[in-house]
Amino acid sequence: MIRGFDASAWQGTLTRQDFDYLNQTYGMELFVCQLHGGGPDGSNPYRNPYAPGNLNAALEAGWGVAGYCWPSWSWPAALDGIGLELERKLWFLSLDVEAGAGAHVDQIKDLRDRGVVPCVYTSIYEWERIMPGRTDFADVLLWDASWFGGYDQINWPNYLAEHWVGYGGWPLRRGWQFNSLGVSTPSGMKTLDLNLFADDVVPVPLPPPDPLEELKNRMAAAEEQLRSIGTELDTIHQAVVQLTSVSGDLMRRVFQMEGWQGVVKIAAHEIQKER
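Per the numbering used here: the sequence shown = residues 132 to 406.
These are calculated hints, taken from the structure and not from any lab test.
Please note that the accuracy of each hint is not assured.
Unchecked claim - The following label-pair restraints were derived from C-beta to C-beta distances:
#, residue 1, residue 2, range
1, GLU344, GLU293, 41 to 47 Å
2, TRP204, THR144, 24 to 30 Å
3, ALA352, ASN289, 51 to 57 Å
4, ARG245, GLU345, 20 to 26 Å
5, VAL333, GLU191, 53 to 59 Å
6, GLY193, SER315, 19 to 25 Å
As the list claims (entries may be wrong) - Derived DMTMM-like pairs (lysine to aspartate or glutamate); straight-line CA-CA distance at most 20 Å:
#, residue 1, residue 2
7, LYS220, GLU191
8, LYS220, ASP151
9, LYS240, GLU218
Ideal placement from N, C-alpha and C gives every residue a C-beta, glycine not left out.
Let's have the full structure, built from the sequences with the hints guiding it.
Next comes the structure, spelled out in structure tokens:
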């Protein structure tokens with residue numbers, strides 16, 4: 132199991148020292164950062180201005196990072212706000228289904244097409260209220276919000292199945308937000324949402340490319356390009372041959388009126404007649 136926390140713009144700046152302390156004291160190692168959502172300035176929703184700096188601080192401390200956004204359709208702006216380099220380091224991006232805003236399966240497809248692992252953050256109450264009876268997200272990671280007062284930064288749940296009530300077609304949650312507490316950090320008291328995640332949310336690194344296979348692919352592409360050039364040269368040769376069979380006076384008149392484009396049209400017409 133992976134311990135971690137999520138935080139929004141309300142928590143402000145988090146430092147490398149904060150992440151070092153939380154890891155050494157409580158064993159946390161995953162930071163889920165709000166990228167887009169409600170903000171302390173009253174704007175709702177808005178892009179979290181602290182996200183890039185907080186994500187980089189977590190990465191410097193050796194943590195895994197992920198993101199979340201609300202409403203779900205704000206995900207392009209959420210990712211654009213942190214830049215491509217940070218986007219590629221996210222373990223997943225969670226679409227928040229809460230506060231009246233649902234999600235659409237097309238958003239899941241679009242995220243996967245972009246190379247981002249999609250996730251859904253919700254609770255049984257919010258899901259049944261906003262997406263009643265829907266089970267077509269069951270192949271997406273579920274980050275479930277279900278708080279229990281018996282757990283805190285010292286006493287963590289042991290299993291994701293604890294207090295699990297199934298919904299939405301999900302056989303089990305892959306992430307569990309179980310409490311929100313004030314936690315002392317080097318930069319001050321921070322209210323952090325505590326989470327437990329399954330080990331399989333860690334992305335599997337892609338194997339390095341095979342140099343020989345890459346060379347074969349390049350050679351195949353070059354051969355295809357040469358074949359295409361050969362076909363074009365053959366067409367040009369046929370055009371030249373056909374031009375010699377057309378009246379010189381006619382060709383001069385066409386060239387004067389239409390330029391080389393007109394001459395080529397006549398050559399193409401003659402080639403077509405021969406076929």
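Here is how each hint holds up against the structure:
One distance hint, 41 to 47 Å for the beta-carbon pair GLU344 and GLU293, holds here, with the actual separation near 46 Å. Between TRP204 and THR144 the beta carbons are some 28 Å apart, a value that agrees with the proposed interval 24 to 30 Å. Against the hinted window of 51 to 57 Å, the Cβ-Cβ separation of ALA352 and ASN289 comes to about 53 Å, which satisfies the hint. Taken as a hint, the range 20 to 26 Å holds for the pair ARG245 and GLU345, whose Cβ atoms sit roughly 23 Å apart.
For the pair VAL333 and GLU191, the supplied restraint of 53 to 59 Å is violated, since their beta-carbon distance comes to about 19 Å. As the Cβ distance of GLY193 to SER315 is approximately 21 Å, the hint placing it in 19 to 25 Å holds. A distance of roughly 12 Å separates the Cα atoms of LYS220 and GLU191; the hinted pair therefore holds under the 20 Å criterion. Between LYS220 and ASP151 the CA atoms are separated by roughly 19 Å; this keeps the pair inside 20 Å, and the hint holds.
Among the hinted pairs, LYS240 with GLU218 is consistent with the structure: their alpha-carbon atoms are about 17 Å apart, no more than 20 Å.
Comparing the model with each earlier hint shows a violation of hint 5 alone; every other hint is respected.
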